[in-house]
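Engineer: Residue strings, one per chain:
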Amino acid sequence: DIMMTQSPLSVAVTPGESASISCRSSKSLLHSNGITYLSWYLQRPEKSPQLLIYQISNLASGVSDRFSGSGSGTDFTLKISKVETEDVGIYYCVQFLEVPLTFGSGTKLEIK
Amino acid sequence: EVQLVESGGGLVKPGSSLKLSCVASGFTFSSYGMHWIRQAPKKGLEWIALIYYDSSNKYYADSVKGRFTISRDNSKNTLYLEMNSLRSEDTAMYYCAKDPLFDYWGQGVMVTVSS
Chain W
34 DIMMTQSPLS VAVTPGESAS ISCRSSKSLL HSNGITYLSW YLQRPEKSPQ
84 LLIYQISNLA SGVSDRFSGS GSGTDFTLKI SKVETEDVGI YYCVQFLEVP
134 LTFGSGTKLE IK
Chain V
216 EVQLVESGGG LVKPGSSLKL SCVASGFTFS SYGMHWIRQA PKKGLEWIAL
266 IYYDSSNKYY ADSVKGRFTI SRDNSKNTLY LEMNSLRSED TAMYYCAKDP
316 LFDYWGQGVM VTVSS
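Chains as they are written, first to last, in this note's numbering: chain W, 34 to 145; chain V, 216 to 330.
Certain hints may be false.
Claimed, not checked - Covered stretches of chain W, as calculated for chain V (at least 3 residues, CB under 8 Å): (1) 74-85; (2) 127-137.
Claimed, not checked - Far from chain V, by Cβ distances over 12 Å, these chain W residues were calculated: (3) S40; (4) T47; (5) P48; (6) G49; (7) A52; (8) S55; (9) S59; (10) S105; (11) G106; (12) D108; (13) S114; (14) K115; (15) V121; (16) E143; (17) K145.
Keep in mind the hints are simulated off the structure, nothing from the lab. Just so you know, these numbers come straight off a predicted model, no measurement behind them. Heads up, the beta-carbon is just placed ideally off N, CA and C, and yes, glycines get one too.
Generate the whole structure from the sequences, applying the supplied hints.
Structural biologist: Take a look at the structure:
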């Protein structure tokens, strides 16, 4: 199984500042078709997760452009610019390269 | 508007069975694979099963393989998860999610396994 490792476990951010979350996979997520199957999700408190970014850096429909993704192979980063109170929650990366699909353990974003 | 609505959860004893449903609307259900994902209390997300759009392929996490069965009825726009031999560690919120990319999720249904 592909292991997904996120860091940090939690981050506290002042509104208006930026935050970065790292995700590493135990195997390259680059498929032979040239697509890298790495996505990011946000689970707000008491809510279902929502898709933020897919294939490393593609913003999902309706998602603020304050969110951006980067990386390649096994190392990926989610950046949140100008953090707002509505960004509070737990962020998860997930690999879609092969089953079993696997999630990172999550990074909790809090507001200072 | 895409909607996924789960039902069928509840409190059951270890060793019991339960069948979850997920009714889909707002998209062509028969054209998309579907997933079940669960979240134990205060824990992270765990993918547990995938079914192709035409039921031709099904995949399971090792933690549920042989005990859980994913199925679908495209005529009813409904996804199912039949859970047998339930254990305390199966206690979780269960979500259905649309393929690809889990781009839509249901609100979740709680399953509690306790004596």
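Engineer: Now tell me, hint by hint, if it's right for this structure.
Structural biologist: Verification of the supplied hints:
{"no.": "1", "hint": "74-85", "verdict": "holds (count 6)"}
{"no.": "2", "hint": "127-137", "verdict": "holds (count 8)"}
{"no.": "3", "hint": "S40", "verdict": "holds (14 Å)"}
{"no.": "4", "hint": "T47", "verdict": "holds (26 Å)"}
{"no.": "5", "hint": "P48", "verdict": "holds (26 Å)"}
{"no.": "6", "hint": "G49", "verdict": "holds (29 Å)"}
{"no.": "7", "hint": "A52", "verdict": "holds (19 Å)"}
{"no.": "8", "hint": "S55", "verdict": "holds (16 Å)"}
{"no.": "9", "hint": "S59", "verdict": "holds (16 Å)"}
{"no.": "10", "hint": "S105", "verdict": "holds (19 Å)"}
{"no.": "11", "hint": "G106", "verdict": "holds (20 Å)"}
{"no.": "12", "hint": "D108", "verdict": "holds (20 Å)"}
{"no.": "13", "hint": "S114", "verdict": "holds (23 Å)"}
{"no.": "14", "hint": "K115", "verdict": "holds (25 Å)"}
{"no.": "15", "hint": "V121", "verdict": "holds (17 Å)"}
{"no.": "16", "hint": "E143", "verdict": "holds (16 Å)"}
{"no.": "17", "hint": "K145", "verdict": "holds (23 Å)"}
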